[in-house]
Amino acid sequence: MSPSNGRKSLLHRLSSTEPPGEESEEQVAEPSEPTEGESLSAKVGLEAQPAAEEDSVADALAAMPETARSDEEFLSPGDILEDRYEILKFLSKGGMGAVYLARDNRFGDARKLVAMKEMISAFRDSVTSRITLETFEREANILAGLNHPAIPKVFDYFHHDRRVFLIIEYVEGSDLESILAEIDFPLPQEKVVKWGIQICDVLSYLHSHQPSPIVFRDMKPSNIMLRDDGRVVLIDFGIAKKFQAGKRGTMIGTEGYSPPEQYRGMAEPRGDIYALGATLHHLLTRRDPRKEPPFTFDDHPMSDFNPTVTPQLEATVSKALAYEIDDRYASADEMKLDLMRLLEPSDRRPGALASSPLASIEEMSPVWSFECEDEIRGTPVIFENAVYFGSYDYNLYALDAETGKEHWRYATEGGIVSSPCVWNETIFFGSEDQILYAVYSRTGRIVWTCPTDGRIRSSPEQEYDHIFFGSDDHQLYAVSAKSGQELWRFDGRAPIRSSPAVSGELIIFGSDDGNVYALDVQTGELRWQCATGSAVQSSPAVAEDMVYVGSGDSSLYALDLANGWAVWRYRTKGQVISSPLVSDSLVYFGSNDHHLYALDGSRGALVWKYATEGSVVSSPKLCEGAIYAGSADGHLYSLDAKTGDLLWRFSTGGIITGSPAISNGVIFVGSADRVMYAVAANPSK
Amino acid sequence: MSIWKRLFDRRRRRQKAAPVRKARISREYKRVDPLQIGQATDIGKARQANEDTFLTLKSLIGAESEPLPVGLLIVADGMGGHVKGKEASSLATRVAGGVIVRDVLLPVLTGQASRVPNRPIHEILTEAAMSANQAVSEMESNAGTTLTSVLVLGHSAYVAHVGDTRVYYLDDNGLQQITQDHSLVNRLVELGQISVQEAHEHPQRNFLYRAVGQEHELKVDTHFQRLKAGSHLILCSDGLWNPVPEEEMADVVRNSSSPQEACNRLIDRANERGGEDNITLLLARVDH
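Chains V and C supply the protein sequences, listed in that same order. Under the numbering used here, the residues of the first sequence are numbered 1 to 685, in order. Under the numbering used here, the residues of the second sequence are numbered 1 to 288, in order.
There's no promise every hint is true.
[What the hints assert, rightly or not] Covered stretches of chain C (chain V as the covering partner; in silico rule of three or more C-beta atoms under 8 Å from a C-beta of chain V):
#1 202-210
#2 264-276
[Claimed, not checked] So the derived list for chain C, only partly shown, Cβ under 7 Å to chain V, looks like this:
#3 Pro120
#4 Ile121
#5 His122
#6 Ser131
#7 Leu184
#8 Leu188
#9 Leu218
#10 Thr222
#11 Phe224
#12 Arg226
#13 Lys228
Simulated from the structure, these hints should not be mistaken for lab results. Glycine included, C-beta positions come from ideal geometry on N, C-alpha and C.
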């Protein structure tokens, strides 16, 4: 390809208001690299390519290797062919041969410029040569009969010295691929839409050709020339089309703009519409489909790459890109209409503002609310129609789940930030007064206490009739649930704020020293440990022999339960204090980077993420297909578990650090605004 | 009885079970190799050279007194013309193998009790593939290769792959393909545009959209598979899975007396069906 003349000359085509500079851009785009060698072409399997309905010259030509050419075979400026075409300069060397700028001297002093394309190089055998020549002539004749402003006119073709030349209209301009490569900002949408309209127009012309429709088959940015006056022209029309053998010439590389049905040997007009959709997609997102896995347009909305793309434009491009041929626009005319509608200034389709979730959320009112004397930082627990939770006002509260009326409260001497757990009608919870309490659920009377030497911020876990919890005194304790008598303790060398998880014979928890520990649950002996980059305050979740846990180093880790080896980790942009939730092979968790994440459990691949406006410290909960989580932005969110779409959000007056608890269709969540809320899971409209 | 008590009792029972029958060595006593690996490669019937490369490494000792079976299996299917393809697959295998040996196998052999590799295993496998990519890209030729690495650690298998060299997992629930081919036809099958059968016969069935040595940046797919006792992992190039139907593969594996025998028989099956491509397969059986 000819080198571009620099940013200015390409940019001016975008604005199409400035006149062209002195050195105007002269370029006729060509297909890129030639094929490489015999064995490579054979490997590519080109000979076995499915026959298209019109056996085009290009396919046959592509099956032939290019023989090496010496410089003498090129024409030189000054050479005159057919007694009229004078070579002015060599423009480019394409796969099929050279392209020259020539002057047609038939018209005396008029400076009639034409492009002279050399079509075929030396043949390998005469049979192939005759077939390709006849095919080529047929196609040339069809082209010669076309008349459309976006199609370069074919003026002539002739043989010369074992070569065949095509004389076509010389189009001054730059192709869209070069323009895209020269800029680093997105192309203006309005321009792209206008070009799309022009292309639909020419496609419509081609597709309604008599006696049989002409399928362009090679729509892509490098085949669209943009002229000074803002008009587009299609070039490389069928005749010079060549199957791209891939950068390295082996079995690698696919045509990103081609529709799926092309690989079934079908080439029909609606394939051009797909290719146009792929082209517009590339121009708007700057993502080259040839560099992505095939047919993955659906993987991301266009707005992920270009936030300025409107939903309507996205819908139009997506419809053109439907993999099923019948789901696409039935004709270029239909697509042109939709594109033209996008340009109407008064376009106010009702769906346009739907992407903003806040607009459609009504103010939700809770079923009930209960106010304490200080922040509620922990998670409530529900048991037999009562809600139990701790507050920073030193109390553990027991409320009626239906009405929110207080049954009793138990006063400790320190703030309660952890979450209680229930077993055998007893509520267990830790306080910043360094004591773990066991209190009878019905009356709030003390059953036993277990003192430690540090504040307790870890939530206790019950298993095998024992209570396991951590303390700021660096210890992980295992005590009898009945009596509070200590069974063993383990030194974690730093405060332990994460809550332990028990799985089989192991108990797993994190420490502020950055390690995840797994101990034998009976003896407290260390089985394995895994180092992360920073404090682990998130509580692990165990599922299918994997341990998922977040770290202050901003990653969510997946560890092998058997030996603690990290299988994968997913990096976020903020500390992960939230404890993950696993359901149906998906792992859900929040990060201090404000997002709620859903990952594939076995590979750590992102399924979806949702942006809130504050850190998500709270751990998500799942109920009936919806994920619930609180954010430091003060809202409780309800998202669709599969897609991450917002269902609703509920506002509180302070940050939410605890997780919600769900029972009987009601969600209980506490906030730093001192209030415990009960919210209906399915707010009636 | 509560779970707690059951656990507690189990421990006591274990302590009590001192061997009573001593002197007599049972004739039926069988040595069981906890990790058996079979391997086979064949040029096939149509090609002029074997461009596939494979690597297997195995160890049974861990840092602690308990044995820790560790296996590394790599298959690379080169493309780009006889010599170049082989160079590419060999280079990729050695470079990737080297990274995994350095970052996983060496720590296992030389590390202290409960010391673990400092990075998640998937990241190590991905880095191994990327190093291979770098090395092959720098080769003078324009060749490329697929690359599939499987690391077995105890009961866990970690897989990283690029291309269409597949990994299957076989247990009593059946045969399951773990990897997704990075091929054009696989994408078409996923979209429902063509059937699996059509994919096997499609003229562009060898077209990959991702391979090692082709692009500066490489995206590697990773997988994790838990291995049950008695289960198998099959790692094979398309020279095997293209001609030999999956049910037949599973059948041969199940009915062979050893992984090596199964490998040899499967090569024969592929050749019986034309042997149009190089055939390489590695088979691991976990028995602990």
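Check your understanding: Any CB of chain V closer than 7 Å to the CB of Ser131/C?
Key -> Result: violated, 19 Å to nearest chain V Cβ.
Exercise for review: Would you check whether Thr222/C satisfies its interface hint, that is, whether its CB is within less than 7 Å of any CB in chain V?
Suggested key: holds, 6 Å
Practice item. Closer than 7 Å between Cβ atoms is the bar; does Leu184/C clear it against chain V? Give me holds or violated. Key: Holds. Min distance 5 Å.
Check your understanding: Going by Cβ atoms only, is His122/C closer than 7 Å to chain V?
Key -> holds, 4 Å
Point to revise | Interface hint for Phe224/C, Cβ within 7 Å of any Cβ on chain V | key: Holds, because the Cβ-Cβ distance from Phe224/C to chain V comes to roughly 5 Å (cut-off 7 Å).
Exercise for review: For the hint on Lys228/C, just tell me whether its beta-carbon gets within less than 7 Å of chain V.
Suggested key: Status violated, d = 11 Å.
Review point. Are there three or more residues in the stretch 264-276 of chain C whose C-beta lies closer than 8 Å to some C-beta of chain V?
Key: violated (count 0)
Exercise for review: Grab the minimum C-beta distance from Leu188/C to chain V and call the hint holds if it beats 7 Å, violated otherwise.
Suggested key: At 6 Å from the nearest chain V Cβ, Leu188/C passes the 7 Å test, so the hint holds.
Exercise for review: Examine the stretch 202-210 of chain C for residues whose CB is less than 8 Å from any CB of chain V, and state whether their number is three or more.
Suggested key: holds (count 8)
Exercise for review: So, Leu218/C near chain V? Judge it on the closest CB pair being under 7 Å.
Suggested key: Interface hint status for Leu218/C: violated (12 Å vs cutoff 7 Å).
Review point. Holds or violated: is the Cβ of Pro120/C closer than 7 Å to a Cβ in chain V?
Key: OK, holds: Pro120/C within 7 Å of chain V, min 4 Å.
Practice item. With a cut-off of 7 Å on the beta carbons, see whether Ile121/C makes it to chain V. Key: holds, 6 Å
Violation of the numbered hints given earlier is confined to hints 2, 6, 9 and 13; the remaining hints are satisfied by the structure.
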